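Protein chains in written order, with our numbering: chain A, 1 to 286; chain B, 1 to 287.
Each hint can be trusted.
Straight-line alpha carbon distances no greater than 25 Å define the calculated SDA-like cross-link-like pairs of lysine to any residue that follow:
1) A:Lys186 - B:Phe6
2) B:Lys198 - A:Leu33
3) A:Lys169 - B:Val4
4) A:Lys107 - B:Leu279
5) B:Lys96 - A:Leu275
6) B:Lys89 - A:Leu25
7) A:Lys12 - B:Met85
8) B:Lys89 - A:Thr23
9) A:Lys10 - B:Arg187
10) B:Lys96 - A:Leu29
11) A:Lys169 - B:Gly3
12) A:Lys10 - B:Tyr86
Simulated restraints on C-beta separations:
13) A:Leu114 - B:Tyr86: 35 to 43 Å
14) B:Gly133 - A:Leu11: 41 to 49 Å
15) A:Leu11 - B:Ile40: 56 to 64 Å
16) B:Ile28 - A:Gly19: 52 to 60 Å
17) A:Pro196 - B:Met246: 46 to 54 Å
18) A:Gly181 - B:Tyr86: 44 to 52 Å
19) A:Val267 - B:Pro88: 23 to 31 Å
20) B:Met246 - A:Thr138: 19 to 27 Å
21) B:Ile40 - A:Leu114: 25 to 33 Å
22) A:Phe7 - B:Ile40: 54 to 62 Å
23) A:Leu11 - B:Pro171: 25 to 33 Å
24) A:Lys282 - B:Pro94: 13 to 21 Å
25) A:Glu65 - B:Met1: 54 to 62 Å
26) B:Met246 - A:Val227: 16 to 24 Å
Just so you know, the hints here were simulated from the structure itself, not pulled from any lab data.
Here the structure is a predicted model, which means the values were calculated and not measured.
Think of the CB as a built atom: it goes at the ideal place given N, C-alpha and C, for glycine as much as any other residue.
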Amino acid sequence: MNNQTTFSQKLKNYLKHPGSFITMLFVMLGAVLTFTVLIFLIVYILVHGVPYIKPSLFSLTYTSENASLMPALINTVTMTLLSLLIAVPFGIFAAIFLVEYAKRGNKFMGVIRLTTETLSGIPSIVYGLFGMLFFVNTLGWGFSLLAGAFTLSIMILPLIMRTTEEALKAVPDTFREGSFGLGAGKLRTVFRIVLPSAVPGILAGIILSVGRIVGETAALMYTAGTVAKVPTSVMGSGRTLALHMYNLSNEGLYMDQAYATAVILLVLVVGINALSGVIARKLTKA
Amino acid sequence: MQGVFFIAACASVLAVALICIFLFANGIPAMKEIGFLKFISGEKWRPNNDIYGVLPMIVGSIYVTAGAIIIGVPIGILTSVFMAMYCPKRIYKPLKAATELLAGIPSVVYGFFGLVVLVPWVRELGITLKQLGITRTSGDGNSMLTASILLGMMILPTIIGVTESAIRSVPPQYYEGALALGATHERSIFRVIIPAAKSGVIAGIVLGIGRAIGETMAVIMVAGNQARMPAGILKGIRTLTANIVMEMGYATDLHREALIATGVVLFVFILIINFSVALLNRRTERE
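Next comes chain B alone, as it looks inside the complex:
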C-alpha cells in the first residue's frame, strides 16, 4: 500500500515534467524556425505575413503588471496594516472573510465588471483629458490603464493575505520597544514592524506579480488586445496570455507553434517568479 501512496505522490512530479516537456517540445521548434532573437525581439506580430515578433506582448505584459503593482501594492499594504494593527476585533472577522471573498471571485466576473464599469470610466477620462488638451487622442476605454486598474484589484487579496501574516509574525517586542522609546503607533509600524516583515512583504508582491502576469480572461476583456508596441496608457495593449487565447482558435502550422512558443515565454517568466518566491521563503525560514 505504501507503493500506492508513493505513486500518488509522484503525480505532481510527473505533471510538472509533462507540462515542461510538452510546452518546450512544441514551442522550441517554432522559436528555432523563426529565429530565437527575431522571435523575442521582433516588434511586429503579423501572422498573415509569417512575421512573428513577440516583443510587443512581452512589453505589454510587463507594463500591465507594473501598472497593477503601482495600483495594488500601496493599497494592499495599507489594508494589511489596517487589518493587523488597527482593525477593531469586532469587525475583523467579516473583513477577513471579505478579503477571502475578493480572492474567490472568478476572473471572468472581474473581467465582466471591468468591461461594463471600468472601460466606460476610462473612456470618459480619456475624453476629458483630450478636451483639456493633455492628450492628443482619447482612446476607447480598452486600454493599458483599464487593465492595470483591474489587475490591481485582482492582486489585492494576494498581497493583503501574505503581508498581513508577515506583519503578524514580527515579535510583539519590536512594537512594544518602539512605543517605549516614544515612537507613535504609526511610526512604530512603518519604521520598525514593516522593515522587520520586509521579506514577507516582498514575497507577497512577487506572488502578486505572478498572478498579474498570468491573468488571462480579465485582461482580454478590457485591454483592447492590439498586437503592437504599447503607445500610451490610454491605448490598447496585448499581453502574452491574451495573444494565446485570441489566436489559438484559428491558428495553424507555424502560427500555432508561435503561439505555443508565446506560452513558453510566459512559462519561463512564471518559473523565474516561482523560483524567487521559493528563495525568499527559504530566507525567511532561516531568519
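Here chain A stands alone, though its shape is the one from the complex:
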C-alpha cells in the first residue's frame, strides 16, 4: 500500500517536471540498452553455437577435415599453468614487499606503483610485440609456449600484485601484533599468519588472471604462434583456444566450429569470473 502511494506521488511529481521525466526515461533507456546488448550477445552465441558442439570437436588431433579444438584447449591449460607458475610467486612476493616491508613514503614505492599502473594500461598487442622482440628473437626461443607464457606473465603481474596487496592490507594489524607478541619473527608472521588469512583474496586475483589468459589473443599471436597441435615440449609452438577461434573465423572455412568454440570460450571465461566473484564474496563475508 505504502509503495503504491509513493509511486503515484512520483508520477505526479514527474508530470510537474517534464524535463526530469525525460531525463529519467533516458537513464532507463541507457541501462536497458546495456543489459540488452549483453543478453543478446550471450544468447546469440549460445543459440548458434551449442548445436555445433559435437564429440568430434574434442578429438585429440586437428585435421583439415575436422577442426578439433582439443589441442587448443590442452595448449590453453598448459599456457595458463606456465604463466601462473612465473607470475604468481613474483606477484605475491612483490605485494608482500610493498605491504609488509617497505616503509611509508618510500620513493621506490612510488616508482613501483607507477610501473605497475603503466603495465596494466599497456594493450596486449604491445606485449605481443615485446614478447616477439625479446623472448622469441633476442633470447632465441622461437615461437613457443614458453615465450607466450613469459609474455602473459608480465601482462598479469600487475593484476596479481594489486589483488594480493589489497588482500594483505585487509588482514587486521592485530593479527600481526599478536604474532609478534607470541615471539614470532617478521618472516614467520608473514608466512604463517598474514598470508594464510589473505588466501581467498589472492585466489580471487589469480582466478581473474586465468580469465585474462584464456581470453588473450593478440599477445600470443607472435609469441606462441598459431600451430594447431599440442607441441611436444614447452619450446614448441601451439595456439590457445582464443587464438584458435580467431583463426577459424578468419579463415572462414569452419564457421560452425568457430561458433562452438565461441560457446566454450564464453562458458570458460564466464565460469572463471563467477568463481573469482564467489571467492571474493566469501572473503568479505568472513
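Assemble the complex: chain A is given as a structure, and chain B must be docked to it using the hints.
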C-alpha cells in the same frame, strides 16, 4: 628474505624498462631511415614500394576511438547513474555481476559477434542509405561505424565501473541538500552529483579511450583494414593495432621495423593516456 621480496618487487620496474628499451631500440631506427616526419605524416602505406606513412592508421585509430566514445560514453554514464541512483536493491547484485561479465568476455568473442551480427546489420544499413540516395556507396559492412559500435560496447564496463564508484563517492549531503532546495531526483543527480563526480567520470572516459585505442582482435575482425585515409563512416578503416597484426606475419627488413615503429607510436599514445589517468587520480585524491 627481505631481499627476495625486494627483487620480486623490482620485476615490474624491470619489465617496463625492458618493454621501453626493446620497442624503442627496434622502432626508432626505422623511423630514422624512413624519416620521422615522413613516417608520421605520410598518407600512403605501400610496403611493396617501400613507402611507409602511418598517418592513415593514426587517423583511423583516432576516428574509431572517437566513435566508440560517442556511442559508449552516454550509454555508460546513464547506466552508471541507473546503477548508483535508481537500481532497486533486489536486482542490483545480478546487474552488477552482468557488467563485470561484460568486462570478462574475451575480445575475440566480441569480434566474432561483430563479424556475424554487426557487419551484416551495417551492410543492410548501407544498402538502405544508398537506396534513399543519402550515400553514394553502400560499403560491405566492414567499416568504421561497425568498429565504433563494437568498441563502444567493449568500453561500457570500464566506464560504468569507474563512473559508478565516482558517483558513490560523492557525499550524500550534496544530494540531500539539492533535494531540500526543491530540486527533483533527476535534477539533483545531473546538476549536483555528476558535476561533483566530474574528475572520476573523466578518468573513466580516459580509461575507456585507452582500452579502445589498444583493442586489436575485435577491431581487425570488423573494420575492413584498408590501409588508406578514412573515406567515410561506411568505409573500411585500419587502426594502428590492426596494422601490426595484419602484416607482422610476413614482413621482413624495413617493413618489419616500420611495423614495430607503428607499435612505438601506439605505445606513446598509451603512455600519454596512462599519464593523464594518473594525473586525474592524483587530483581526485587531493580533493
